[in-house]
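A.B. asks: So the chains spell out like this:
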Amino acid sequence: AQSVAQPEDQVNVAEGNPLTVKCTYSVSGNPYLFWYVQYPNRGLQFLLKYITGDNLVKGSYGFEAEFNKSQTSFHLKKPSALVSDSALYFCAVRSYSGYALNFGKGTSLLVTP
Amino acid sequence: KAGVTQTPRYLIKTRGQQVTLSCSPISGHRSVSWYQQTPGQGLQFLFEYFSETQRNKGNFPGRFSGRQFSNSRSEMNVSTLELGDSALYLCASSWTSENEQFFGPGTRLTVL
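Here the protein sequences come in this chain order: A and B. Read in order, the letters of the first sequence correspond to residues 1281 to 1393 in this note's numbering. Read in order, the letters of the second sequence correspond to residues 52 to 163 in this note's numbering.
So here's chain B without its partners, still in its complex pose (with noise of 0.2 Å):
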């Protein structure tokens, strides 16, 4: 079965732009759950969504949004990209909110 898959793996962008990050749940997982690893922060959870229904979300500004599609499949949006933005996000899934979540392979974000 194969595992999360995370695109891109690598995005380099500036700031004031926005960007779409995308994430392949394991087939058969419909909760999604993203996180913002950094350094300084470690990992944050941004939010989850079950059933494209966003059921938590973090701490984090209105330009961080997200979205899943009737497949489970996830996207997450950050706009008006900021250089603390530049991060490792992390995409999980799982079975329900119950199960232990999977992780994806990240995608990389540096901000210029």
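Chain A with its partners taken away, still in its complex shape (with noise of 0.2 Å):
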């Protein structure tokens, strides 16, 4: 079985700060890593994967995340945020040989002017 944990429901940072969207993740072999981001009443939007290769993925709208086998974390990270990132974001995870996403519960986050 697969599934991930997002510990928490919401994060809270000020507009200009480091932001960080924890994941962990439980799979039997190698995963398929995913981040998507939902905005209110609207479908999840793509923000980057990891398959194989460096553990620190570059996605969409300056977001990255570093993938951490030993920990089984795929942590999403951005540099500096802005209040346009307030959003839902969840963590999902697909093993190599299966079909379904197994998404984490969500996170909520907030960028505060």
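Heads up, some of the hints might be wrong.
Said to hold, decoys possible - The calculated DSS-like cross-link candidates involving lysine-lysine, where the alpha carbons are at most 25 Å apart (straight line), are:
no.: 1; chain 1: A; residue 1: K1385; chain 2: B; residue 2: K108
no.: 2; chain 1: A; residue 1: K1302; chain 2: A; residue 2: K1338
no.: 3; chain 1: A; residue 1: K1329; chain 2: B; residue 2: K108
no.: 4; chain 1: A; residue 1: K1302; chain 2: A; residue 2: K1385
no.: 5; chain 1: A; residue 1: K1385; chain 2: A; residue 2: K1329
no.: 6; chain 1: A; residue 1: K1357; chain 2: A; residue 2: K1329
No lab work stands behind these hints, which were simulated from the structure alone. Model, not experiment: these values are computed from the prediction.
Reassemble the complex: the two chains are provided individually, in unrelated frames, and hints are given to aid placement.
C.D. replies: Structural data, given as structure tokens:
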């Protein structure tokens, strides 16, 4: 079975400060890992993915994520937060042999001016 | 290139009725997945289709079913609606199951 944990329901950060949204995963074998963002009343937008290769993955809108196999983590980061980054962020995992994405519960990010 | 489209965007039904939701994937995408999103359970996988074959199904009762057509368009059907079926139903498509999925805006289903 595969699963994702996002330990924080909400993350608050001031504009201009770095942000981190945490994600840990559990999967048999090597994982495919993804981050998505959801704005109110909208579908999910793809941010970035880790399949293989470099542990630091760069994605859309200045976001990046670091894959850590020993800690089974895939934390989302951004060096300087914007108010417009305020949204709901989802981490997802899929095993190499599966077809379904398992999503975390989501973390609400609030960036204050 | 047009994104994933879902119709209708909003739907109100009463208990016991059935409903069909439609999804048109991005042109060229052959994998279509469906998810249910609720405040309590979050995002839950319903099923995935590739080239008209259901390859994986989530832990949902048999009232939830789907299909995919030869043009990759997909429909999902929920029969004998229950209040708990009220949710945002999201469709996502990808080139293959290894690639990232692109999501549609969802269909908001309300069961009264």
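A.B. asks: Could you run down the list of hints and mark each one as holding or not?
C.D. replies: Hints, one by one, checked against the model:
With a CA separation close to 20 Å, the supplied pair K1385/A and K108/B stays within the 25 Å bound. Using a Cα cut-off of 25 Å, the hinted pair K1302/A and K1338/A holds, with the two alpha carbons roughly 16 Å apart. For the proposed pair K1329/A and K108/B, the alpha carbon gap of about 23 Å is at most 25 Å, so the pair holds. A hinted pair counts as satisfied when its Cα atoms are at most 25 Å apart, and K1302/A with K1385/A qualifies at roughly 12 Å.
At most 25 Å may separate the alpha-carbon atoms for a hinted pair to count; K1385/A and K1329/A meet this at roughly 18 Å. This hinted pair checks out: K1357/A and K1329/A have alpha carbons roughly 13 Å apart, not beyond 25 Å.
Violated hints are absent here; each numbered hint is respected by the structure.
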